[in-house]
Amino acid sequence: METLDLARWQFAITTVYHFILVPLTIGLAPLVAGMQTAWVVTKNERWLRLTKFFGKLLLINFALGVATGIVQEFQFGMAWSEYSRFVGDVFGAPLAMEALAAFFVESTFLGLWIFGWDRLSKKVHLACIWLLAIATNLSAFFILAANSWMQHPVGTVYNEATGRAEMESIGAILSNSTLLAAFPHTISAAFLVAGTFVCGIATWWMVRLVRSKKPELVALARDTYRPAVVLGAIVMLVAGVGVGLSGDAQGKLMYQQQPGKMSAAEGLCETEEAAAFSILTVGPWDPTCDDLTRVISVPGLASFLGTGHFSGPESALPGVNDVQRDMEARFGSVDAAGNPISYTPPLGITYWAFRLMIGLAVFSAALALWALWATRKGRLSDNRWLSRLAIVAIPMPFLACSFGWIFTEVGRQPWVVAPNPTGIDQVRLLTEQGVSTAVPAGVVLTSMVVFTLLYAALGVVWYRLIHRYAIEGVPEVHDESPEARAGDDDANRPLSFAY
Amino acid sequence: MDLSILWFVLIAVLWTGYLVLEGFDFGVGMLLSLFPRGTKEEKHAERRVLINTIGPVWDGNEVWLLTAGGATFAAFPEWYATLFSGFYLPLLLILLALIVRVVAFEYRGKIASAVWARRFDVLIQVGSWVPAVLWGVAFANLVRGVLLDADHQYVGGFWALLNPFALLGGLTTLVLFLLHGSLYVALKTDGELRARARTFAARFAVAAVVVAGAWAVWAQVAFSVAWTWAAVAVAALSLVGVVVLNARGREGWAFGLSALAIVSAVVLIFGSMYPDVMPGLDGGPSLSIADASSTDYTLTVMTWVAVILTPVVIAYQTWTYWVFRRRLTTADMPAPAGLTWKKVRDALGGSDTPAVKPSDLA
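Chains A and B, in that order, give the protein sequences. Each step along the first sequence adds one to the number in UniProt numbering, with nothing skipped, and position 361 is 361. Each step along the second sequence adds one to the number in UniProt numbering, with nothing skipped, and position 100 is 100.
Take every hint as true, because none was put in to throw you off.
When the alpha-carbon atoms are kept at most 25 Å apart in a straight line, the in silico SDA-like pairs for lysine to any residue are as follows:
| id | chain 1 | residue 1 | chain 2 | residue 2 |
| --- | --- | --- | --- | --- |
| 1 | A | 252 | A | 399 |
| 2 | B | 43 | A | 497 |
| 3 | B | 43 | B | 329 |
| 4 | A | 122 | B | 326 |
| 5 | A | 122 | B | 319 |
| 6 | A | 252 | A | 237 |
| 7 | A | 123 | B | 320 |
| 8 | A | 123 | B | 325 |
| 9 | A | 52 | A | 118 |
Which residues of chain A face chain B? A partial, calculated answer using Cβ under 7 Å:
| id | residue |
| --- | --- |
| 10 | 84 |
| 11 | 85 |
| 12 | 92 |
| 13 | 96 |
| 14 | 97 |
| 15 | 103 |
| 16 | 166 |
| 17 | 465 |
| 18 | 468 |
| 19 | 472 |
| 20 | 499 |
Hints are computed from structural coordinates only; laboratory data are not their basis. Don't be surprised by glycine CBs; every beta carbon is placed ideally from N, CA and C.
The task is simple: from the sequences and hints, build the whole structure.
Following this line, the structure appears as structure tokens:
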């Protein structure tokens with residue numbers, strides 16, 4: 001394989017891995033902050049137990065998210081240096097802003113939160129987790145600003161003399177329509193992940209304790225786990241609606257900005273009015289337009305989702321062949337080496353990633369509805385199937401997020417900076433033009449293998465720790481805050497927490 | 001002032017923040033094996049104290065690196081591209097080291113088992129020794145100059161980075177960080193550990209004067225300009241001051257002076273590079289600040305962001321050090337909070353036998 005293929009694989013592996021961890025952090029940090037707020041306000045110890053329980057799971061996850069995040073920033077320069085040269089004037093700014101405005105806050109206040117239980121007053125300590133939660137979401141905003149610019153470059157001019165894209169308006173980049181659609185979608189997806197995580201674990205515990213039939217354990221289920229089940233389920237429902245609405249808005253926008261991506265997701269080859277939404281289309285592993293067979297589809301639905309019209313001229317969706325013809329007219333049909341350029345993203349991956357992204361959310365919806373039904377009016381449930389669904393549902397939104405990113409990134413190919421249909425034509429870059437030219441393939445191969453092995457090993461440790469702490473259940477707690485032990489002699493007391 | 005020169009200085013400031021703060025993190029990490037004394041249990045307890053002196057702050061310290069990287073990308077894309085692709089393998093090693101270090105800090109206490117903790121202690125050390133040496137190697141190469149072609153691509157290869165001057169640079173950061181870390185331990189612990197840390201600091205200070213002095217003079221004579229002699233002089237005086245003040249038990253002042261020595265080293269490095277960001281080797285093609293810089297507009301935006309946010313960051317990070325100002329000893333260590341293997345096995349036993357016992361509910 002060449003440097004290009006290896007660099008692409010490396011970026012795909014490290015990014016998908018990083019983004020398995022990140023949504024849980026983004027969604028769970030505010031939920032833990034909410035639990036701690038409930039404790040500070042109500043003084044009910046159940047919320048402190050839940051804060052500590054889910055807080056620990058958050059920390060296990062956060063550590064690996066941070067560790068893999070460093071790789072993301074360095075990789076642009078290491079493996080994609082020509083990309084960095086072309087876009088650095090524009091793309092570097094949101095990354096630097098993320099570090100200064102968000103990541104410093106996250107890392108510093110994380111330390112204060114972990115070690116500050118007995119050092120900070122209750123309110124200041126609570127403020128630390130809220131700052132952490134807000135900063136993780138702000139991080140997502142800046143990273144999505146950078147990514148959205150690659151999907152739909154705005155606020156940028158092309159400089160003939162330097163041959164690179166240059167920033168014209170930071171305001172335009174931070175208010176990119178692509179960003180304003182992607183941010184709510186990503187954040188609600190993150191809350192769906194975290195809601196499912198909280199609801200799934202708490203439901204499993206509730207069922208388990210109720211089945212024990214020991215009165216004191218049933219009481220624990222009622223007092224502590226049931227509120228977490230309800231909280232998780234409500235978050236899932238709200239987030240699920242948010243994911244749907246924002247996804248719909250994003251889909252419509254994408255038909256205008258990157259028609260090739262959406263047509264590929266539908267397996268749509270020629271422009272169609274009243275286009276059907278494909279439930280199942282089959283073809284070989286790496287299909288072309290000629291060997292797709294539509295098996296099940298819903299008439300007019302794709303057009304409605306893409307344009308808001310079921311039929312008529314307004315409902316026309318462009319097919320990938322039309323996109324190809326249009327792109328060839330604008331950007332030429334051969335690359336610098338004289339090879340023909342395919343402007344169609346890989347059909348199979350795009351089609352299935354899109355469907356899996358949407359389809360896997362079903363598990364969360366089922367769990368949310370069943371869990372709320374099972375806990376209505378103060379009830380508990382001992383239903384084994386509910387418990388099993390709770391476990392099965394937990395990984396599903398994680399996978400949905402990953403497929404969502406695969407769809408977003410693969411669907412943009414062959415571009416790394418996709419041309420803006422209403423923008424300046426020269427602000428665009430083929431993926432093959434972005435790779436580092438000075439780095440030999442063997443070097444990238446080495447790093448790809450090492451990252452993959454290390455990530456796999458760390459993934460095992462991450463999973464085992466999360467699994468074991470989830471099985472451990474809510475810990476015993478006591479109020480360690482300075483208020484609770486007023487008059488104590490500080491100097492002779494061990495720390496409340498240490499590594 | 002030209003904004004690109006301001007950003008050259010700001011990036012030097014970010015690197016200074018990183019090397020001063022993470023410098024003692026690395027130092028403490030490296031000392032995990034060198035420092036503790038006594039029985040197995042006593043050593044284990046002392047290692048915990050060492051790790052917890054930096055526990056609340058290392059994560060925030062590391063962000064200085066990410067900010068330096070991001071700022072280089074934004075302000076000098078050409079530098080970022082040439083440097084990161086050119087130094088691919090050393091950066092890969094640093095990344096791997098930092099990854100295992102982050103995870104090891106967070107995971108070592110999660111299972112209350114000596115074997116588990118010991119494994120992660122090893123990873124913390126690997127994650128501290130490797131970058132402590134490699135940052136010095138990388139920066140020394142920037143002082144010495146690297147082989148670039150006319151398109152600003154690094155063409156020197158990996159082995160050329162391991163020249164004697166760069167290796168001595170690696171040794172220099174190593175001893176500076178060991179010194180800095182042992183002074184930090186002296187400042188943050190009490191009793192026997194504190195006394196031992198001062199003894200160690202005295203030794204590392206001598207090593208630092210010899211090694212760092214040799215490297216700085218070599219750098220100054222072979223690759224630098226006249227005014228950076230001032231930085232060399234400040235570094236030398238600081239290190240001598242460290243020896244004196246450490247001997248008198250003024251750990252805070254000694255620690256401040258070792259930080260000043262690191263600041264001087266960064267001044268020497270960036271002063272030697274100026275007006276290039278990547279000087280050419282032996283007068284070959286080089287990458288200048290002007291070649292590498294972003295447009296005025298981008299730099300203006302970034303300047304506003306930096307001017308507003310940097311003081312805020314410094315303020316809350318300083319506050320963190322104030323919150324955790326207490327000196328630590330082994331007596332301050334709480335019982336290990338992690339799970340025991342037995343508890344884990346019990347929990348995994350019968351699916352209908354919860355780990356929670358009725359007595360827990362009292």
